[in-house]
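Letter by letter, the chains look like this.
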Amino acid sequence: MRSDIKNDFPIFANWREKGKPLIYLDSAATTQKPARVIDAVSEYYSRYNANVHRGTYELSQLATDLYENSRTAVARFINAERAESIVFTRNATESLNLIAYAWGLNNLKKGDEVILSDMEHHSNLVPWHIISRHTGAVLKFIRMNSDFQLDLQSLKDNIGPRTKVVSVVHVSNVLGTINPVKEICRLAHEAGAIAIVDGAQSAPHMPVDVREIGCDFYALSGHKMCGPTGIGALYARYELLERMEPFLGGGEMINEVFPTTSNYAKPPYKFEAGTPNIAGAVGLKAAVEYLEAVGLKEVEEHEIALGDYAARRLAEIEGVRIFRPKTTGTGVVSFTVENVHPHDISTILDSEGVAIRAGHHCAQPLMRKLQVQSTARASFYIYNDKSDVEVLASALEKGIALFRPRKKADVTK
Amino acid sequence: MSLNDLFTEIILDHYQHPHNHGLIPNPTYSSRGFNESCGDDVQVSVLIKNGIIADARFSGAGCSISQASASIMTDLVKGKSIEEAKKLASRFYDMVKGTEGEYGEEMGDAISLQGVAKFPVRVKCATLGWHTLEEAFAKNDGPNSSEETK
Ligand SMILES: Cc1ncc(COP(=O)(O)O)c(C=O)c1O
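Respectively, the protein sequence lines represent chains A and B.
Note that our numbering gives residue 292 to position 292 of the first sequence, counting from 1, and the numbers run on in steps of one.
Note that our numbering gives residue 24 to position 24 of the second sequence, counting from 1, and the numbers run on in steps of one.
These are calculated hints, taken from the structure and not from any lab test.
Careful: at least some of the hints might be erroneous.
Claimed, not checked - Straight-line Cα separation of at most 25 Å, SDA-like style, residue types lysine to any residue; simulated pairs:
(1) K398/A - I10/B
(2) K86/B - Q114/B
(3) K118/B - G353/A
(4) K124/B - N145/A
(5) K20/A - I10/B
(6) K18/A - V121/B
(7) K20/A - D5/B
(8) K408/A - D5/B
(9) K408/A - V121/B
(10) K398/A - H17/B
(11) K407/A - T8/B
(12) K182/A - T229/A
Pulled out of the complex, with its shape left as it was, chain B reads as follows (with noise of 0.2 Å):
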């Protein structure tokens, strides 16, 4: 297990140069989750127009792979509509975990994570943006939910 496998210059660039960065002011979804072990701390909100992800930003603290992953996360999020990101989510998860598949184009950027197979213990990091994401889904609590149709 190599670092560089782990810290490859686009979670590195990611990490100290995070995208959508910051809160949505009126999000149609948001959530906060903590990694307890590590202190890692990623709230992510999301805009939904016309059943599309028109906006997800995150902010927080903590390691590069969890800031770099959830920048890469609500990269690769806008556009598409909540069923099409939790797939990804899923997706996410298999890669990280080192289920065997094929991972391409979809992946973006979040393919550079690829190596965090090699980490079992920073699993955990590489999937807390996405897990906080799919927690701000589940909740029916969201100050507009009952908008997202429209």
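Only chain A is shown next, with the shape it has when bound in the complex (with noise of 0.2 Å):
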């Protein structure tokens, strides 16, 4: 990685300046923007602002191509048969949402299966714990084993005639674990099912290939991959895109429209109801051309490289435990420390300027398989190096002489 690339994200100078250096590790929340993003966004309002898909002049017709350009980008950026199998949506939750509502709520009936894993966000929760709610489909579950990993055997045993969907995580957003997404799409397609992945932490982290992955449905965030807040996008094969039912009904997602009735524009644009994020697609048009000119696949082992190194430097710490796999981890460490709360350690480590999450990260019952309430977790990305694990780790080391145990106090009453 090139040793300047900090300089790309203003944030960090910013924060130099007022004399806090900035230690980001909270990269799997959301990233940093890098100053080509956020001129993106600000030249299109400036320049280019219109609505679009509506407006019959010329400066419309610039805000339209700039939108469906990005619809483009992302396309390429994942490897998509065609730009019209994105969908843009506001982030993977959306996305994901839109999947349950508009495939699962019309394809789906009493006695169906959806099979989910261990280790899944909330985002991928409880939109079918709705939906299996209203249907009456069952959720069953890829387990996890000892490693920190999905253990395919139990999707063996488990897939059969009345799997319908088979809807896991990329890559987890508390272990970092890469699942087998490829075998897992083919044991659904197998079966019969149809499968999705949450690529909410993987499209930021390395090279996507949706054809390779052979998936159904693909969703992502833009805010995790140095893209602007409130943009996300859903990719669709088409042909599943035109059977499904819409998602949000309005404006721009119909052909003509009567008292009582409606007909539909054809997909994307059935699935993208009212005045869409036109400033942030621009923007994560901006985002998906930064990472490929930075390299997805310099991105992936530079933060496993980290991950790594973090991991190791972590683990010499008495107390430490880490919840990483020993193979298939990224650049996301969570960890917890013996007497030490990790809402604590995130306060710790932020007063030494080091950004950290602590909590469930929105995955409760993998928290409790983990038999954790919650866990500290530093997330790695392209602007952070072997000196931010150093800073952390000497912070933590602090921290943790901080909470050494006590004798009871002699006064107690």
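Quick one: dock chain against chain with the hints and give me the complex.
Written out as structure tokens, the structure is:
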């Protein structure tokens, strides 16, 4: 990785100027934004702002072109077969809800089975809870083994003629585990089920090829991959989109509307009701181009190396327990510290300028599997390096000293 | 903001050696509170005798601030009436939110949580036990709630 890559992200210089260098280790929550993305959004508003797909004047056409160019860029980024396979959404959560409502609600019935996994984010759980309440579909789970990897045997044991959906997270936001999604999709298709991949934590961090994976749907969030907040995407095989009912109704998604009925525009527009996040799409295109210029392979190698290094370094500290697979980890390192609660760890690190996440990471069922209430999580990205790991480790050592077990105070009540 | 303002010796002592830990078998009031963002979990139970809080205990799991604050709270409210306990809760909220004022003796060990005011993200942790206590009082379905004035 270029050693000056931090300079691409203005937030670091801004904090340095404030005299408080930012050690940002929470990129799994959201990444920082390169100047190129910030400028693209600002330029869009100052030069091209108009509504899309409806204006009959030049400016609107320019805005529409920018919006559609972004769709093409996202399609290229994940190697979708065509731009029309990309539906813009607000984020991965909305993408996953779109599938659950537009596909699940209309295709599932009582007794059908939906297979998820032990390491899902709430955004790939709660929508299915809702749909299963409506349809009577049953939820099953691919189990996690003691090395924090999915046990494919438990999928093979459970999958069958009743299985209609297999939906799994590509990279776990807690464990960093890279799941064998290609094999999972193959097994799903063999059983006649559709295969969904939650790519919120893979799209930002590694080369992704949806056709190579063989999934029917793939969800991503722009803000986790250097893009603005409020823009995400859903990739879907086009034939599926054509057969699906709409998710939201309103402007932009229709062909003809009568007082009591309407018919819909072709996908992807059928799934983009209302004025979309045009500036967000423009920013997402800049983010995609930025990551392509850095090189996704390079991003992946850099993160894995840092994750490996951090896991090793933290494991040297007494009382630290790491939740990360031996071989398929990424730049996500979750840990706990004996006698120090994750929330306290986060406050201690914050006082040293280190931003990490503490909590259940929107994965409560996984926390229960791990038999912890919460974890601390450091997640690395392209702008982090080994020196950040050192600051993290020494701040952690300080905190542990502060919390060393004390004898009961003499004056007790 | 110094860490020592937050993680004072008194806080760490309550965290590592909590007072009144456990649950009262037949409480007059009880409730359970969660801090969704970080998973703190506190259960509070109180026993009322002759209009006075005769016993108060807590159990749960969470960060040092939430657990120490609940421990301190159970010490403080014992021997007080419900009204007095509620008043104390409101004084406590003012203190940890940084509202100007004199916070003295009546706050007991809770005074050591004054530093929380400098850590806005931790206010919710400090107030969890107190909110849970107030929720317990507000519930009318406590097993013996009709007996509280006996
Ligand atoms: C694995 C995974 N899936 C889904 C999401 C949801 O992303 P968003 O909140 O951007 O919709 C996240 C974000 O934390 C995630 O890590």
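Quick one, are K124/B and N145/A close enough, alpha carbons at most 25 Å? 35 Å, violated
What's the verdict on K20/A and I10/B, does the C-alpha distance respect the 25 Å limit or exceed it? 30 Å, violated
Would you mind confirming whether the straight-line C-alpha gap from K407/A to T8/B stays at or under 25 Å? Holds, because 15 Å separates the two Cα atoms, which is no more than 25 Å.
Satisfaction of hint between Q114/B and K86/B, Cα-Cα up to 25 Å: 18 Å, holds
Next pair to validate is K182/A with T229/A; report whether the Cα-Cα distance is within 25 Å. Given that 25 Å is the threshold and the Cα spacing comes to 29 Å, the pair is violated.
Pair hint outcome, K20/A versus D5/B [Cα-Cα no greater than 25 Å]: Holds, at about 20 Å.
Decide if the proposed pair is consistent with the structure: K408/A and V121/B, CA atoms, cutoff 25 Å inclusive. Violated, at roughly 28 Å.
Starting from K398/A, check that the Cα of H17/B is at most 25 Å away, please. The given pair, whose Cα atoms are some 22 Å apart, holds under the 25 Å limit.
Quick one, are K118/B and G353/A close enough, alpha carbons at most 25 Å? Holds, at roughly 16 Å.
Given the hint that K398/A pairs with I10/B, test it: the Cα-Cα distance must not exceed 25 Å. With Cα atoms ~19 Å apart, K398/A and I10/B stay inside 25 Å; holds.
For the pair supplied as a hint, K18/A and V121/B, confirm whether the alpha-carbon distance does not exceed 25 Å. 21 Å, holds
Would you check the hint for K408/A and D5/B, treating anything up to 25 Å between C-alpha atoms as holding? 20 Å, holds
Checked against the numbered hints given earlier, this structure breaks hints 4, 5, 9, 12; the rest are met.
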